[in-house]
Amino acid sequence: MKPALVVRDLSRVFDVSAPLLNRLIERKPRMLLRAVDGISFEVPQGGCLSLVGESGCGKSTVARLVTGLYRPTDGQIEFSLGDSGDRIHAHMIFQDPYASLNPRWRVRDIIAEPIRELGLRDGESATRARVDELLGIVGLSQRDAEKFPHEFSGGQRQRISIARALAGEPKFLVCDEPTSALDVSVQAQILNLMRSLQDEFGLTYLFISHDLSVVRHMSDRIAVMYLGRIVEEADTESLFDNPLHPYTRLLLQTIPDIEAPRPDVPPATGEVPSPLKPPPGCTFHPRCPEADDRCKREVPEVRDVGHGRRVACHRVAEMLKRNGMSALSA
Amino acid sequence: MPDTLTDSPMSTAASTAEPVLRVRNLSVSFPGRRGVLKALDDISFDLAPGEILGMVGESGAGKSMTGLAVQRLLEPPGHISGGEVHLLGQRIDQLPEAQMERLRGKQIGAVFQDPLTSLNPLFTVGHQISETIRVHLGGSRRAAMDQARELLRRVGIPSPDDRVNHYPHQFSGGMRQRVVIALALAAQPRLIIADEPTTALDVSIQAQIMSLLRRLCDETGVAMLLVTHDMGVIAQTADRIAVMYAGRLIELAPVHEVLRQPRHPYTRGLIGAIPALRKRAPRLTQIDGSMPRLDSIPQGCAFNPRCPEAGPRCRAHRPELSATPAGKVACWLNDGGVA
Ligand SMILES: Nc1ncnc2c1ncn2[C@@H]1O[C@H](COP(=O)(O)OP(=O)(O)OP(=O)(O)O)[C@@H](O)[C@H]1O
Ligand SMILES: Nc1ncnc2c1ncn2[C@@H]1O[C@H](COP(=O)(O)OP(=O)(O)O)[C@@H](O)[C@H]1O
Ligand code: SF4
Ligand code: SF4
Ligand SMILES: [Mg+2]
Ligand SMILES: [Mg+2]
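Line order of the protein sequences matches chains A and B. Numbered per my numbering, the first sequence spans residues 1 to 330. Numbered per my numbering, the second sequence spans residues 1 to 339.
FYI, nobody ran anything at the bench for these hints, they're computed from the structure. Treat each hint with caution, since some may be false.
[Stated by the list, open to error] Covered stretches of chain A (chain B as the covering partner; in silico rule of three or more C-beta atoms under 8 Å from a C-beta of chain B):
(1) 97–106
(2) 148–155
(3) 187–194
(4) 212–221
[Claimed, not checked] Footprint (simulated), chain A over chain B, 3 or more residues, beta carbon under 8 Å:
(5) 256–270
(6) 274–281
[To be verified] DMTMM-like, lysine to aspartate or glutamate: derived pairs with alpha carbons at most 20 Å apart:
(7) B/106 / B/42
(8) B/279 / A/78
(9) A/277 / A/298
(10) A/147 / A/122
(11) A/321 / A/241
(12) B/279 / A/237
(13) A/147 / A/133
(14) B/106 / B/195
(15) B/279 / A/15
(16) A/28 / A/15
(17) B/279 / A/241
(18) B/38 / B/114
(19) B/279 / A/220
(20) B/279 / A/133
(21) B/279 / A/259
All residues carry an ideal CB built from backbone N, CA and C; glycine is no exception.
Hey, can you work out the whole structure from these sequences and the hints?
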């Protein structure tokens, strides 16, 4: 399938140094944080690619780069042309539905803003009708249009954000932890809504979450991130059935599983190192049960290993063998 | 699949021992301008030595309120407006505050979501832990510091000899939560109240902390009230589940029973709403609507507007907790009843 979005060698570096004067006086060096470090991926049209990883691994930074809220330090972000011949543009749904809605505006105006800004409807009555229609699509009533955000529950507020994102008639939605602030019963409502909107309007999703069970429910493909890089990318089923990268395996071993609770957890799973001082070589090596000397020196490149998968690990050939998969001859 | 957790010898022994905590008909009220809000309404449960009781429910259901009421840490005007709380056989809901304060550090340890609320940024962690030991158990400074090192080692902090001299900000989030657990254990309490202890942590760290808490309960016999909105955490760690809804306890049973056969329609909905890890369903089971606010709790069963099985009885009368083969449930459908 034709990709809706192609991202190549994307990096974003933040300067987190103390102010220049302090640096001069205290002789502190400049500090650079590589939040996203040379990542590449594609999102097929009408599909859903998810980024997962622990907090601080760079997921939200990717979301902000893709939607133009940050400028890349390096690399390309390319949306393809949609059916209408216009370039596809992305809208974003955020984790905190309250912070992303203007508290002083009525819901009607919040949802109407992108319609007015992009001139998608002629005149006030057509705009009104469109807002009412959008409220219906996300499961709210027309009466809700006259209320303010604080009058709604978290789940309802997330519905308002979705209606607002849909108002711009996007083909592509970037969803950054859209249900992380919600209770599971409400999360189920929102995930069901997002899946049915995808089918109905042929939307493409770049979906971001730290919750593997949510990601499994939503995505066709999954990219696992660790300290600013993609360490493994595969289709959803293969990743869950046959995780190859030791970090993916760690994540899968540690998610609480209500179907088969395991009291015993691998004890030495360590902690995520500071992104300001990433370990040399493979940044996962201090936590990796498979690490050898080479891992401490050389950064593993993300390689295509066949089976439609990409993995960044020096010892991937062994992992493939262990999982009974044929290694791709290099 | 193995189900060893809930069948551990500890939990069977636990069910016959005298309870560490006994809560009976506990209610908590907040008087306000527009009348009195009942945040907890007639809650009863026991906690045995070494047992972990996991308390789940939607945001605002009253989980944290239960933990705070037991510790007598309610923010005024909130107060216990009915019922009794017994700790190790002693009634504590009416104790004078001075006595309660001593009990809190000594018999009840607390672990909150944000480890920084429990730690003082100005003192080393060794100082904080050893002072707690000295206040509650006495002994010399040096002996207390040795015990602090031992506690840090026990909660899995590498090189505890150096770490006792470090300040809270020098630890990562997961390590800080370990320090808080060491601090909660310092006075050798019989009860730990842990309110969302891993919600702020990443899954791989969460798994470490939960298995640590489980191990400590098994080894020391300390009982734990584990408040969380995450059913997965409870499945992994707890012996029994208490499900809360709109200030009421609506189901109470051993973990494996609840996961295998949830009896309350709300519990069924909660479990069904969790996306499965094994297979991908086209749609998740969803519970429509949202939990009522305290000032507009429906008449009858508070869950009736969202319940797919509600009948006329549910809208008129409130079901009380009644016995099931392995636990308790508050639903008219229990034991072949009619809704
Ligand atoms: N000061 C207060 N005045 C009135 N009501 C209050 C007050 N503090 C809390 N409440 C109410 O008491 C109820 C129970 O709150 P509690 O904090 O126990 O919820 P919870 O189950 O822990 O939720 P969460 O998952 O969000 O932590 C809520 O409806 C809350 O709004
Ligand atoms: N505006 C910023 N300035 C400086 N550092 C930032 C900024 N935004 C993110 N970071 C840092 O970049 C890293 C990745 O952050 P983020 O993309 O938010 O992670 P995630 O969403 O995966 O939790 C983190 O170390 C974070 O502290
Ligand atoms: S490269 Fe080495 S340290 Fe990194 S994941 Fe592979 S085996 Fe582990
Ligand atoms: S009592 Fe009635 S409304 Fe309440 S949970 Fe049972 S069936 Fe549903
Ligand atoms: Mg983020
Ligand atoms: Mg709470």
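Residues of the region 256–270 of chain B with Cβ under 8 Å from chain A, three needed, outcome = holds (count 3)
Count the residues of the region 212–221 of chain A with a beta-carbon closer than 8 Å to any beta-carbon of chain B: does the count reach three?
-> Held - the region 212–221 of chain A has 5 residues with a Cβ nearer than 8 Å to chain B, which meets the minimum of three.
Keeping to a limit of 20 Å between CA atoms, is the pair of residue 279 of chain B and residue 241 of chain A held or broken?
-> holds (10 Å)
Does the alpha-carbon distance linking residue 321 of chain A and residue 241 of chain A stay inside the 20 Å limit?
-> holds (15 Å)
Decide if the proposed pair is consistent with the structure: residue 279 of chain B and residue 15 of chain A, CA atoms, cutoff 20 Å inclusive.
-> violated (43 Å)
Are at least 3 residues of the region 148–155 of chain A within less than 8 Å of chain B when you compare beta carbons?
-> Check passed, 3 qualifying residues.
CA of residue 28 of chain A to CA of residue 15 of chain A, is that 20 Å or under?
-> holds (13 Å)
Between the region 274–281 of chain B and chain A, see if three or more residues pass the 8 Å beta-carbon test, and mark the coverage as holds or violated.
-> n = 7 at 8 Å, threshold three: holds.
Would you say the region 187–194 of chain A counts as covered by chain B, given the rule of at least 3 residues with C-beta under 8 Å?
-> holds (count 5)
Hey, residue 279 of chain B versus residue 133 of chain A, does the alpha-carbon distance stay inside 20 Å?
-> violated (34 Å)
Is residue 106 of chain B close enough to residue 195 of chain B, meaning Cα to Cα at most 20 Å?
-> Answer holds: residue 106 of chain B to residue 195 of chain B is near 18 Å, not above 20 Å.
Given pair status - residue 114 of chain B, residue 38 of chain B, alpha carbons within 20 Å | violated (27 Å)
Hint check: violations occur at hints 1, 7, 8, 10, 15, 18, 20; the rest are consistent with the structure.
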